[in-house]
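Chemist: Line by line, the protein sequences give chains A, B, C and D. Just so you know, we're using the working numbering here: the first sequence kicks off at 5 and counts up by one. Just so you know, we're using the working numbering here: the second sequence kicks off at 5 and counts up by one. Just so you know, we're using the working numbering here: the third sequence kicks off at 39 and counts up by one. Just so you know, we're using the working numbering here: the fourth sequence kicks off at 39 and counts up by one.
Derived by calculation from the structure, the hints in this document are not laboratory data. Ideal Cβ positions, reconstructed from N, Cα and C, are used throughout, including at glycine. Hints are supplied without guarantee of correctness; some may be wrong.
[Stated by the list, open to error] Distance ranges between label pairs, derived from CB positions:
| no. | chain 1 | residue 1 | chain 2 | residue 2 | range |
| --- | --- | --- | --- | --- | --- |
| 1 | D | Asp560 | C | Glu609 | 39 to 47 Å |
| 2 | D | Ile147 | B | Met5 | 52 to 60 Å |
| 3 | B | Tyr212 | D | Lys194 | 27 to 35 Å |
| 4 | B | Leu39 | A | Glu224 | 47 to 55 Å |
| 5 | C | Ala606 | A | Lys140 | 50 to 58 Å |
| 6 | B | Asn276 | C | Asn163 | 45 to 53 Å |
| 7 | C | Ile164 | A | Pro148 | 17 to 25 Å |
| 8 | D | Asn458 | A | Asn229 | 16 to 24 Å |
| 9 | D | Glu117 | C | Gly419 | 55 to 63 Å |
| 10 | B | Pro265 | D | Lys118 | 58 to 66 Å |
| 11 | D | Asp113 | B | Ile270 | 42 to 50 Å |
[Stated by the list, open to error] Residues on chain D that point at chain C, a partial pick, calculated with CB under 8 Å:
| no. | residue |
| --- | --- |
| 12 | Ser94 |
| 13 | Pro97 |
| 14 | Gly323 |
| 15 | Asp354 |
| 16 | Pro414 |
| 17 | Arg481 |
| 18 | Phe489 |
| 19 | Glu581 |
| 20 | Tyr594 |
| 21 | Arg597 |
[What the hints assert, rightly or not] Some, not all, of what chain D presents toward chain B, calculated at C-beta under 10 Å:
| no. | residue |
| --- | --- |
| 22 | Ala50 |
| 23 | Gly51 |
| 24 | Pro79 |
| 25 | Ser80 |
| 26 | Leu81 |
| 27 | Thr102 |
| 28 | Lys225 |
| 29 | Thr286 |
| 30 | Asp288 |
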Amino acid sequence: MTSFEELTTQEKPTWCPGCGNFGILTALKNAIVELNLPKHEVVIVAGIGCSGHLPQWINTFAFHSLHGRALPVAQAIKLANHKLKVIAVGGDGDGYGIGTAHFIHAMRRNVNITYIVHNNQIYGLTTGQASPTSEKGFKSKSTPHGLIEPPVNPIALALASDCSFVARGFAGDVKHLTHLIVQGIQHKGFALIDVLQPCISFNYLNTYEYFMKRVYKLEEDNSYNFTNKRLAFEKAFEWGEKIPIGLFYKEERKTYEDELPQIAEIPLVKQNINEIDISSLIEEMC
Amino acid sequence: MTSFEELTTQEKPTWCPGCGNFGILTALKNAIVELNLPKHEVVIVAGIGCSGHLPQWINTFAFHSLHGRALPVAQAIKLANHKLKVIAVGGDGDGYGIGTAHFIHAMRRNVNITYIVHNNQIYGLTTGQASPTSEKGFKSKSTPHGLIEPPVNPIALALASDCSFVARGFAGDVKHLTHLIVQGIQHKGFALIDVLQPCISFNYLNTYEYFMKRVYKLEEDNSYNFTNKRLAFEKAFEWGEKIPIGLFYKEERKTYEDELPQIAEIPLVKQNINEIDISSLIEEMC
Amino acid sequence: MTEFSWKIGGEAGYGIMTTGFIFGKSFVRAGFFAFDINEYPSLIRGGHNTYTVRVSEEPIFSHTKNINILVALNDFAFEKHKNEVKKGGFIIYDTDTFNINSKPKDVNILPIPLTTLATEKGGQNIMRNNVALGASFALTNVDIKFLYEVINDVFKEKKGENIASTNIEAAKAGYEFVQKNFSNLKKIEFTHNRKEKRMYINGNEAIALGAIKAGCKFYAAYPMTPASSILHYLALKEYDYNIIVKQTEDEISAIHMAIGASFAGVRAMTGTSGGGFALMTEALGLAAITETPVVVVLAQRPGPSTGMPTHTEQSDLRFVLHASNGEFPRVVIAPGDVSECFYETFNAFNIAEKYQLPVIILTDKFLAESHATTDPFFLEGLKIDRGMMLNKGQPEAKDYKRYENTITGISFRALPSQENVIFKAATDEHNEYGRLEEDPVNRILQMDKRFRKLKVLEGEIVGTKFYGVEDAEITIIGWGSTKGPILEALKILAKKGMRANYLQIVYLMPFPTNMVKVVLEDAKKKILVENNKTAQLGGLIKEMTGIDVDYKILKYDGRPFIPEEIVAKIEEVLTFDKF
Amino acid sequence: MTEFSWKIGGEAGYGIMTTGFIFGKSFVRAGFFAFDINEYPSLIRGGHNTYTVRVSEEPIFSHTKNINILVALNDFAFEKHKNEVKKGGFIIYDTDTFNINSKPKDVNILPIPLTTLATEKGGQNIMRNNVALGASFALTNVDIKFLYEVINDVFKEKKGENIASTNIEAAKAGYEFVQKNFSNLKKIEFTHNRKEKRMYINGNEAIALGAIKAGCKFYAAYPMTPASSILHYLALKEYDYNIIVKQTEDEISAIHMAIGASFAGVRAMTGTSGGGFALMTEALGLAAITETPVVVVLAQRPGPSTGMPTHTEQSDLRFVLHASNGEFPRVVIAPGDVSECFYETFNAFNIAEKYQLPVIILTDKFLAESHATTDPFFLEGLKIDRGMMLNKGQPEAKDYKRYENTITGISFRALPSQENVIFKAATDEHNEYGRLEEDPVNRILQMDKRFRKLKVLEGEIVGTKFYGVEDAEITIIGWGSTKGPILEALKILAKKGMRANYLQIVYLMPFPTNMVKVVLEDAKKKILVENNKTAQLGGLIKEMTGIDVDYKILKYDGRPFIPEEIVAKIEEVLTFDKF
Ligand SMILES: Cc1ncc(C[n+]2csc(CCOP(=O)(O)OP(=O)(O)O)c2C)c(N)n1
Ligand SMILES: Cc1ncc(C[n+]2csc(CCOP(=O)(O)OP(=O)(O)O)c2C)c(N)n1
Ligand code: SF4
Ligand code: SF4
Ligand SMILES: [Mg+2]
Ligand SMILES: [Mg+2]
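The task is simple: from the sequences and hints, build the whole structure.
Modeler: Have a look at this one:
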């Protein structure tokens, strides 16, 4: 049985006390415990940002990649050894800004990984510039006169990109978030979990209080049906007095790995590479 | 009066005879003529691909940029001199593949430019690899065993990204396409015109015949309303026996330039840069 | 000559940066010279931060080894830095936060309830930093009013009058506490006080000012330490100076936007650090082949990869010299101090437009973030030169060739919206009109044309600076931010009776081969100083001149050189040499 | 020794590439040696394409200046190439397409209704190429059956038996037409016919084969000329060899995928050209600091920027040596011919894993796309060496240090899913466990550890090859694809009685400084041959050894060297030298 304690590192997180990232870390650990995943079979791939520091403080394998590049690394790890549980984490700048292309294409590709975005609507680690999810008018170091463009909508983008599991959590509700991550990991395919994550140092708008007042759970809305993409798309634009969290959309479709006869029997990493016979290829060239 | 002839270059296009790009070039020239835009006030910015060769054969200013990078260049040209008409052109690989991040963020930014994507569902210039819009199962040089992932959906992505003008044309219907381009240029904001463009050399699936049989015009469907985003989203997924072309969605919102007091009076390029007085900044530093 | 160094240390996220800056600036206001250096980890809160300010009656160019006053905001800071304090120096610590067990010898300990003093008069905990400032000031004979003035300037703007005055109150409390309780301590006495107005500015601010003065109207960037504060500064001034400042989705977009704006006729710049520059490399070639001017600032930090994001290094020299596929002319300028940051940025825009090529300004975290004291920038000589802009009808517009093959390699530049000069800016090889052309003869013609520009430029610039005595035993060679520590090292060496001089290489491309040759061929002992592991300038000198330096002093631990360290290495080298 | 060169020219998009390949391969089947080179613009149809095949009884290493047989499919081809045909040579042209007005002297003109002959028997227009093949074959005494065999191989697989036999019919028609109508022409006579089995393969295919043999299980790439055919070839074989071949959204993703797969324990590669490599530069540093093996193929083309996408150049050498921010060890290998492409790719994977670092294979369009004749690759000696893979319990797994500071700099590598060895691969500077660490002492330790690997590697490789006589008047120095033309130039020089030799530099990093020094210090006249403008290898040699070459033969018009051109330049140089 995997325990919470064995996932906990000696080093303590260096995030600002009160940062929403703590909630995400706890939820992720909870989920791994709940699913009883052996810790050496979990790989966490991170981008760069405050969010990217997460894998340092959870006792699993980790690849800390470049800013915006967690997804290509994570997908390839999964393809190379699909017995692993691969979880990518990153920030909103990381995933929805510099990493946009990887984000969109990973979703349609449907490699079976889980992607947790620490969406604090700010660039945390670089000390407070606007992010792709910062709200219009938001004042920051890089937008002292107010941000001009409206934010990206990750949920809508996911729906437009054939993402097979689309959810939003809130770092202030660890229990609910844990459950979402559990479902995300269990889901066969690419699972996006966008997490509303208060940054107490640089985002004075989207605070705990801000979200406490607004979030409500989709699963508590009986009229909601997470298999209806059109409905999900409509919900994706709900952001104001009320902000939905929970599972927006889910569908079952083949994963990318499912369509690779190359690894139908043996994971790539287990295949013997000694003495590969290329004589027929040489023959073809003669 | 701008005439079709004065837009025509001495050099003839080197596209494969019969290529859908001819239709797009003609429609673009038609549109410029119809709008009577002085040719020296038009700048066409291209990416790299067969599509990217377009500006060579139309007598306007042009910046032939890098693969996937037409949009950042085009947006900046517009910001630097917003009196110009700026039109970006590129391929599906260019815009929806390597250029995805620019595509998504340009749309929400809403700089007043027109973006025409020559969507031939193939990498033309590199002689026939799968593109982000190639259909699932598509066989190409890079996917001899069939493409695994489903295509990106540019229309849905545009709707998810607050694009203020979202349309699809068909290179085989020049008149209709001309009208779309006219509307796109007239639109105040970012206008996406995705163009179904048969590639006769490498895409044997999505041919003229393929589209002739399938396309129908949204404007001929009385029940369709291009101000309804949800409806548009639904239409965006219609791709099979019937394929809609025309205006999917349009909304009026402020352009990025509208919110820049810096250029409210004089375009950036016209501002005098001699003798800029920085003494107060120096003072602040003392 | 009176001088001293002051260091404050504590946890990240508690305003140490502002506090340190205020301390330095107050002394500059008082007519002295200050230089500061900060050190912080890549974390927002927690972790250990320090800010060191050196103050002097005479011009100074860098920090130095030891400190005279330490302000320890926590236990860790006390333990870590207590031995750096010189004999007779002072340690101020917050008795509200921790107790000390042992103390270094010959140092004056000032236990002060910083937090209590800060909060007593209604201030917040964080204002204890101001108490410390006041207390520190009390250890000098400099008028405390300068401190109040600067505190007021800094806080009034950002947080309003009230906060400003509470902060001043806190400083006052610290000042008075020391006056009252430690009146017997021997203060640091300054003898004169010139009162000339001087700037206290860091490299990034100087670059931003240089860009504004040069008429930069478009700045696109993606945040990256240590370049981000250029973005912040310009964004703050965007309305005052009509600059469009755009934070983009990534660095690829940033440089392409700068290129686009420039193509449209606007002076444009982008800025980043090494990782972001990596993403810009492809576009450098685009600027080069389309002959679009663009200025790129690269503020270096230790690599490889994410490396040590908040530290310093000079390890991207070769990278910028060769970044991007293919061969094309570029200019690489490495300012060595804040005023060079200003003037060379101004020059960079002129060069970029006159020669229609990319210009890279190479700095590093040490230069970008350290404030130095300098005379107000002299603006008289600064003339905008936009190069060969095509005015209507000249040349015969009917046959306008954007990439005309001229003797200088420079062709007339037209802008969109100009009539009768429609052209294509092409990323592919092209003919003189900008039309795609793969013919071998045309290829050579256009390649040679582009490279000729660099030759012409070479004649126009002075790529090196020379400091120190002519007939020296030792010649130090360096580039970029090592300038400050080297100049300080020269002072120490002179005091020790050693004859030394210093060749600063400011333009790395085009490389000032002749000047370097002339100086180094005559030099007795050539000592290279670089903040990297592989002696990149050393390799470049060898490549360009065939000359080997005699010794290499290299540092690649993420920290800048300290003058005494350079001196010690030189002495080591000379001693070793005697055997 | 009998040899000849054959060239076919016509519009792009009409199968010239396949035709040329078939021609060469047929002669290889017949036991001869062939070498080919193609030239085409960056267009799909239209524009002018040529394909030149040189055939010989003896081993040959490149194309040569003149041609013996020209097949002109259109007017343009005729006019452009007619004067390249040697005295006594042949020109075949399609009388269905154009008429000729003037003809070169001393050349046999064969007007043939290629299109008619192709279509007569129910073939399509495009099959006239096969008619031309048959006709060309008829000008030699080689058995036409080899042609039929190869046509069959090529078309049967791709288009089915029917198409194959119609193509053969067309060839036959051409063959018979010449037999009948031009029986009086003196044929090209081969005297022997060894019949050894040899490969006809280009650089990209050789790299793909090397990778497959090395156990590469993951190839991620974004299409880019001239690297794309590696992607195509591997994709075709992905099921046969259980390789995951992934076309990605861009090059950034491609290299990160390769790194990810490798981290998980699978041998992985990516491939691109200069522009795509520019986008990969940031990730090189990531591979380096996380010590993840990765192999990157860069097939060069002329830059800057998009440049001339379908042509050749050697202008990215310095770029790959210094790409990415910061300093880290990397290996750069430049194979010079197809067999080196194969063996060095195999080596690249071993080196990448043994030393846990990025390895770059640097080729160019000329090498990537030209087929050469070579003995079947010898597979016996090829042993997979995965380096210090951690097997359970070794070292004491309880305290596993992924980045342990060892004497060699190489640390044991564990893979995800291994128990008790959980570690963090970190892009920031880190300690031996992979935890973020900014301490200066640790920094130096890890930097030195990483660089030590390169020192160890240096002892293991032989970075140069040496050809020609020992005691030569002339020493030619080159790298990469110039090898073929230089080897041919050596032959010509020898015939002319000149004593020349050739130093090929195969490993550019670590640079074989000692070997280069030894050879060049003794060399009488050092002549550098590079397919670029700025003599990048020349600069590198100067930097590493201090040695200046005596002459530089540089070519940067997008075309590879022709042996005769090198010889002519050398003669020029020697003549000039006498004065
Ligand atoms: C290529 C590159 N550009 C810029 C940076 C600097 N950088 C580090 S983290 C970051 C953004 C942080 O914001 P986000 O991704 O939202 O993460 P957060 O810190 O908010 O968790 C940036 C721009 C970088 N490391 N690499
Ligand atoms: C960075 C980079 N990668 C790859 C290429 C090679 N390349 C040129 S065009 C192209 C794709 C062409 O496809 P698309 O964008 O759909 O345009 P099309 O030719 O179909 O119009 C590619 C991959 C390049 N020029 N630059
Ligand atoms: S800066 Fe914000 S996101 Fe980063 S650790 Fe602090 S509170 Fe969290
Ligand atoms: S390859 Fe396709 S897209 Fe390109 S010019 Fe030919 S038909 Fe058009
Ligand atoms: Mg964030
Ligand atoms: Mg396409």
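Chemist: Do the beta carbons of Asn276 of chain B and Asn163 of chain C sit within 45 to 53 Å of each other?
Modeler: Given range 45 to 53 Å: holds, Cβ gap about 50 Å.
Chemist: Quick check on the hint: Arg597 of chain D CB to chain C CB, less than 8 Å?
Modeler: Result: holds, 6 Å to nearest chain C Cβ.
Chemist: Is the hint on Asp354 of chain D kept, meaning its closest Cβ partner in chain C is under 8 Å away?
Modeler: 5 Å, holds
Chemist: Does the interface hint hold: is Pro79 of chain D within less than 10 Å of chain B, judged Cβ to Cβ?
Modeler: 8 Å, holds
Chemist: Mind checking the hinted window 27 to 35 Å against the Cβ distance between Tyr212 of chain B and Lys194 of chain D?
Modeler: At 31 Å between Cβs, range holds.
Chemist: Does the interface hint hold: is Lys225 of chain D within less than 10 Å of chain B, judged Cβ to Cβ?
Modeler: 37 Å, violated
Chemist: That 16 to 24 Å hint for Asn458 of chain D and Asn229 of chain A (C-beta), does it hold up?
Modeler: About 46 Å separates the Cβ atoms of Asn458 of chain D and Asn229 of chain A, which means 16 to 24 Å is violated.
Chemist: Restraint: Arg481 of chain D near chain C, CB-CB cut 8 Å. Satisfied or not?
Modeler: 5 Å, holds
Chemist: Taking the least C-beta to C-beta distance, is Gly51 of chain D closer than 10 Å to chain B?
Modeler: 7 Å, holds
Chemist: Is the interface hint satisfied for Pro97 of chain D? The criterion is a beta-carbon contact with chain C at less than 8 Å.
Modeler: 29 Å, violated
Chemist: Tell me if the interface restraint on Pro414 of chain D is satisfied: Cβ within less than 8 Å of some Cβ in chain C.
Modeler: 34 Å, violated
Chemist: Mind checking the hinted window 52 to 60 Å against the Cβ distance between Ile147 of chain D and Met5 of chain B?
Modeler: 54 Å, holds
Hints 8, 11, 12, 13, 16, 27 and 28 from the earlier list are contradicted by this structure; the remaining hints agree with it.
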